[in-house]
Amino acid sequence: MRKAKQVVGTGGELLMHQLVAQDVDYAFTNTGSAEAGFFDAFLTVPGVQPVLLLNESLVLSAADGYAKASRKPAFVNVHLAAGTRQGSGQLFNAYFDGTPMVVTSGMRDAGDFGDHNTLGVSAGYSSMSVVQDVTKKRWEIRDPRGVPAATRRAFKEAMTMPSGPVYLAYSGSALDTKDVEGTIIPAEALEMAHHPDEATLNQIHDALLNAENPLIVVGPEIQKASAQQEILDLADNYAVPVAISFFDFGSFPRSHASFVGMVETLDDTSYDVVCCVGYRPNTNGTPADYRFPNAFKIGIGHDPAILGGTFALDVSIWSNVKHSLTALNALWNPADSNLHHLSQRRSELKKASEERIVQQTEGALAHANDNPIHPSFLGQRMADLLAPNTTVVSENFRAGDHLMPFGFEKDDWRLVRAYGGSLGYGVGGAVGAQLASPDTPLVLSIGDGSVMYSSSGFWTMARYNLPILTVVWNNMNYQTVRVNFAGWGGNMKEQNKYPETYLGDPEIDFVMLAKSQGIDGQQVTEPGELDTALRRAREVQAAGEPYLLDVRITNLGAGADQSWHKEFKLGT
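In terms of this note's numbering, the sequence shown opens at residue 4 and continues consecutively.
Please keep in mind that the hints were generated in silico from the structure rather than gathered at the bench.
Check each hint, because a few of them may be wrong.
[Said to hold, decoys possible] Quick list of in silico lysine-lysine cross-link-like pairs, PhoX-like style, CA-CA up to 20 Å: (1) Lys-75 - Lys-140; (2) Lys-159 - Lys-140; (3) Lys-8 - Lys-159; (4) Lys-159 - Lys-6; (5) Lys-500 - Lys-569; (6) Lys-75 - Lys-159; (7) Lys-496 - Lys-569; (8) Lys-75 - Lys-139; (9) Lys-181 - Lys-159; (10) Lys-325 - Lys-75; (11) Lys-8 - Lys-181.
[To be verified] Across the chosen pairs, the derived CB separations fall in these ranges: (12) Pro-290 - Asp-387: 40 to 46 Å; (13) Met-265 - Arg-539: 31 to 37 Å; (14) Gln-52 - Lys-354: 24 to 30 Å; (15) Glu-215 - Gln-135: 45 to 51 Å.
Beta carbons: idealized from backbone N, C-alpha and C, even for Gly.
Start from the sequences, fold in the hints, and give me the full structure.
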């Protein structure tokens with residue numbers, strides 16, 4: 004039985020006591036006067052460190068990075084309904100990924116004395132409506148006696164599979180009222196522990212064992228459930244190739260013989276059995292989302308809204324993927340390893356993996372003298388020269404993640420990223436991930452366009468002395484948008500002119516931008532400078548200081564040769 008604690012204080016102090024009982028280390032926040040009752044409690048109830056970020060999108064992305072790196076729910080406080088809306092792009096990412104997070108704000112009255120209030124919702128609406136489609140559950144708290152219990156329920160809901168962000172809005176009276184008595188009991192997630200049906204497990208076992216051309220597709224729920232060893236065992240037992248979801252290099256080791264890359268790059272028509280484990284599909288809103296048309300399709304995952312939410316499944320298990328994989332692996336008969344089709348496939352996978360790694364490495368090194376620096380060469384040199392056991396927070400597309408040593412072993416790298424696609428994640432995500440793992444080297448790998456969504460986060464890195472190495476992949480372009488524009492075609496493709504994708508004129512000096520907020524750095528424009536710069540950056544990081552490298556890289560894909568933009572100067 005969990006021990007209850009009776010406390011007396013303001014509503015804000017009761018909230019702080021609940022956070023301490025919940026083992027909350029950090030409150031990610033951007034301060035606001037409507038939440039004064041909460042901030043006042045930092046002075047009277049020790050145990051929680053506030054982390055100040057200078058806009059709400061950074062607050063939400065930092066909380067997301069912390070939750071992903073720590074495997075703990077994060078706590079957020081933002082300013083009223085307007086501040087909540089400011090952070091909604093990164094709250095979208097958290098909801099898309101199912102990140103456990105408790106987001107809170109103050110709440111002003113709407114209606115009792117007037118219909119129009121600063122920073123709050125208008126009469127007829129609720130604060131909860133602001134985040135209705137990007138949160139798992141929502142509450143509005145007006146009675147200060149209910150603050151601890153509502154907050155406890157919020158943590159329970161956020162942590163319970165399928166996990167996700169939740170939202171509480173506290174009225175001024177709920178936070179400010181004095182001499183309130185409350186009961187403090189920490190929350191625990193409900194355990195998703197049911198054992199899959201034996202008949203279902205046997206059906207999956209038989210399908211994988213007898214398949215001629217099977218595929219396993221994994222996603223971020225592998226990491227959420229700490230099911231790394233179980234997915235390795237499944238792939239090894241049945242000699243099945245494994246694909247990852249969109250840029251999810253943290254869910255299966257690139258160096259493993261079964262690894263075959265991102266599922267989006269594969270021709271899906273030839274597979275006869277496809278087993279999706281913890282996979283959260285990125286859909287495009289077209290019939291192409293109905294993948295694997297000729298396969299017997301299996302789904303194992305935490306979220307019933309995801310299982311069968313696009314293509315139909317023939318067999319599905321809604322459960323903790325770790326438990327299901329353990330039960331499935333228990334059916335494996337080691338003698339079956341000698342079956343001819345498994346032995347042959349195992350040998351073919353090993354050969355293809357070795358060839359792929361050599362080809363990727365040699366391909367990257369072939370660009371060693373390219374100027375500007377080729378993204379593949381930068382990725383390969385980072386992999387060679389930066390510290391083992393590095394955590395990489397990546398907000399980088401069409402770059403070098405596929406060359407980095409992500410995996411499950413002690414010295415392998417770990418990946419933290421957002422998959423919802425709302426830009427501005429990386430800087431805040433790195434702040435949170437470093438706080439979650441203070442003894443682990445952390446690299447922020449980020450495109451130049453993404454930096455400018457969230458560059459005030461460098462100030463937070465400097466204030467708290469977070470030894471984050473930021474590598475800016477600077478091609479002065481929104482390259483992903485430009486390439487997608489080219490795929491769309493039209494006049495843009497014909498004229499090789501892609502409006503508002505070029506980020507030069509003027510060029511952004513990221514070293515100066517970082518220095519203005521207390522972080523030293525270096526610009527790298529020549530491939531011959533790269534190794535020395537990376538070694539220097541690693542030394543600074545090891546000494547406990549943040550550092551930034553602004554690396555000028557070449558553009559790739561359609562329109563890579565142009566710097567056109569529709570010029571306009573006011574007054575000319």
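Hints, verified against the model:
1. Distance hint between Lys-75 and Lys-140 is fulfilled; the C-alpha atoms sit about 18 Å from each other, no more than 20 Å.
2. The straight-line distance between the Cα atoms of Lys-159 and Lys-140 is roughly 11 Å, inside the 20 Å bound, and the hint therefore holds.
3. Taken as a hint, the Lys-8 and Lys-159 pair is honoured in the structure, with Cα atoms around 18 Å apart against an allowance of 20 Å.
4. For the given pair, Lys-159 sits about 16 Å from Lys-6 by alpha-carbon distance, which is consistent with the 20 Å threshold.
5. The suggested pairing of Lys-500 with Lys-569 holds, with an alpha-carbon distance near 9 Å, which does not exceed 20 Å.
6. Proposed proximity of Lys-75 and Lys-159 is supported: the alpha carbons are some 12 Å apart, at most 20 Å.
7. Simply put, Lys-496 and Lys-569 have alpha-carbon atoms about 15 Å apart, close enough for the 20 Å limit, and the pair holds.
8. Of the supplied pair hints, the one linking Lys-75 and Lys-139 holds, its CA atoms being roughly 17 Å apart against a limit of 20 Å.
9. Under the criterion of a C-alpha separation no larger than 20 Å, the hint pairing Lys-181 with Lys-159 is inconsistent with the structure, at around 27 Å.
10. A C-alpha spacing of about 17 Å is found between Lys-325 and Lys-75, which places the hinted pair at or below 20 Å, so the restraint holds.
11. Among the hinted pairs, Lys-8 with Lys-181 is consistent with the structure: their alpha-carbon atoms are about 18 Å apart, no more than 20 Å.
12. Against the hinted window of 40 to 46 Å, the Cβ-Cβ separation of Pro-290 and Asp-387 comes to about 43 Å, which satisfies the hint.
13. Roughly 33 Å separates the CB atoms of Met-265 and Arg-539, a value that falls within the hinted 31 to 37 Å.
14. In this structure the hint that Gln-52 and Lys-354 lie 24 to 30 Å apart at CB is violated, the actual value being about 51 Å.
15. Separated by about 46 Å at the C-beta atoms, Glu-215 and Gln-135 satisfy the suggested range of 45 to 51 Å.
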